[in-house]
Structure formats: C-alpha cells, structure tokens
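The listed protein sequences correspond, in order, to chains L and E.
Residue numbers are given in UniProt numbering: position 9 of the first sequence equals residue 9, and the series is strictly consecutive.
Residue numbers are given in UniProt numbering: position 121 of the second sequence equals residue 121, and the series is strictly consecutive.
Simulated from the structure, these hints should not be mistaken for lab results.
35 Å max Cα-Cα, derived DSBU-like pairs, lysine-lysine:
1. L:Lys64 <-> E:Lys52
2. L:Lys64 <-> L:Lys9
3. E:Lys64 <-> E:Lys9
4. E:Lys64 <-> L:Lys9
5. E:Lys9 <-> L:Lys52
6. L:Lys9 <-> E:Lys9
7. L:Lys9 <-> E:Lys52
8. E:Lys52 <-> E:Lys64
9. L:Lys9 <-> L:Lys52
10. L:Lys52 <-> L:Lys64
11. E:Lys52 <-> E:Lys9
12. E:Lys9 <-> L:Lys64
13. L:Lys64 <-> E:Lys64
14. L:Lys52 <-> E:Lys64
What follows is a list of derived Cβ distance ranges for each label pair:
15. E:Val90 <-> L:Ser28: 42 to 48 Å
16. E:Leu121 <-> L:Glu94: 20 to 26 Å
17. L:Arg60 <-> E:Thr66: 26 to 32 Å
18. L:Glu13 <-> E:Ser17: 34 to 40 Å
19. L:Asn95 <-> E:Asn5: 30 to 36 Å
20. E:Ser111 <-> L:Arg60: 43 to 49 Å
21. L:Phe14 <-> E:Ile77: 25 to 31 Å
22. L:Ala78 <-> E:Ser55: 27 to 33 Å
23. L:Ser28 <-> E:Thr76: 21 to 27 Å
24. E:Gln10 <-> L:Pro75: 20 to 26 Å
25. E:Asp3 <-> L:Leu121: 25 to 31 Å
26. E:Asp20 <-> L:Thr54: 38 to 44 Å
The structure presented is a predicted model; accordingly, all values stated were derived computationally and were not measured.
For glycine and all other residues, C-beta sits at the position ideal for the given N, C-alpha and C.
Protein chains: 2
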Amino acid sequence: MADINSIAKQFTEFYYSTFDTNRAGLQSLYRDASMLSFEGQPTQGAAAIAEKLTSLPFQRVQHKITTLDAQPSSPTIASLIVSVTGLLLVDDGENPLQFSQVFQLIPEGGSYYVLNDIFRLNYGA
Amino acid sequence: MADINSIAKQFTEFYYSTFDTNRAGLQSLYRDASMLSFEGQPTQGAAAIAEKLTSLPFQRVQHKITTLDAQPSSPTIASLIVSVTGLLLVDDGENPLQFSQVFQLIPEGGSYYVLNDIFRLNYGA
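Whenever a hint applies, use it, and build me the whole structure from the sequences.
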C-alpha cells in the first residue's frame, strides 16, 4: 500500500498547509456531493463547506499530524479512506488540542476530491 | 441522516460489546477483502483480522464511545463511514486511553460487514 500511503501523505500535507494559510482555498477540494461533519455539525456541498471552514472563530491555526493511515475504500474505483490524528494549535494558545479527522478521497482527472470529511476534537479523559 | 446515525449507533454498540466480551465473535463482521490497520499495522481478511484482535495482549477491555459520526460513503450503494472517538479501559488500569476508530460498513443481505477498519490510540500532547 505504498502508493496509497504516499497519496494520503501528499493530500494531508496539502490540505493542512492550505487550511493553515488560505482556508478559502480548500473549496476546490470539495464537490456538490461532499459532506463535512465538523464537531457533529453536518454541512454539504463545496460552497457551504468552504463557508463553514472560513467562518471558524480563530485567526491563526496550525495542524500537526501525529498519525496517518490509509486504505483503499472500494473494489471498483481507486478511492481511499484517510484517517488522521494530530494536534491543533489555535491563535496564541499554548496547549495544543488533539483532533481526529477522516477523509474519503475520490479520484477525478488525475487528482482527488473529498467526498467525506469528519472532524472531531478529542478532549481528555 | 437519522437512519445513517441509528445504523452507526447500533453497529458500534454491537461491535464494542462483542469486542469487550467475546473478541473471537468479531470475525463474522469481516470478509476476505476486509482491511484492518491497528496502530499502523495492516491485516487483511476475516480470519487474519480475528487472529489479530484475539491476540491483543490484554485480558479485559472496555470501550466507551465519546463521539460518533456517520456519513454515506457512496452514491451507488448504501455504504457508510463511521468515525468513533472514545476511551479504552484495559485490565486493571485506572487511566483510560483515548482512541480513534474508523469503519466503512458495506450493506449485505439486510445487514452490514466491515470493509475498512482503522484503529489508533491517541497519546497526549
């Protein structure tokens, strides 16, 4: 699964660097059928998802990936599920927050778009 | 997405209660094409996955679900992605461990099997 893992690595590096520097630029990764669950709140469609992501109430954010796993998600197309755990540094906060995020990536024209996106913060026990 | 959410809730309640009381019973949820990534270690196929799960080095375990999210994962079949975060109590340990787990469930004969399963412990920052 070397290829799957390198696709997952490239995608997540692009996704989080875009999130951290130019959130509006994430819209191109989603389509009309795309779904986002952000802390349990559902949103559908590229425009609505971009609106949701750009309206999150922080100015500066930095994602650091801790673990990254990927698996093929279909016997018929080259889609994949990518599961990330990591740390989120928000504004001038000194205590990073743990998060979990899952994507399903669908191949399209030599690249991929995000069909599924589920994000959760992980609060301590 | 009420239906999706109730399927996800039923599945995860069954999965974790089986895991915590009769781990070998999980084999019936997987098929030959099923994939498990457990702490980054890949396993494929129902028998190999059951062997992996039953050989995990703890005697007693209890899963507690903290968050549960589900989305449809295909435009053509009624499959779904289920994302769980929760706490794991192992043997007589007093400090629960946080975990993240992702499943893709595929419909089959009025029920579902697990095609994808990605499990990670979340260590503190």
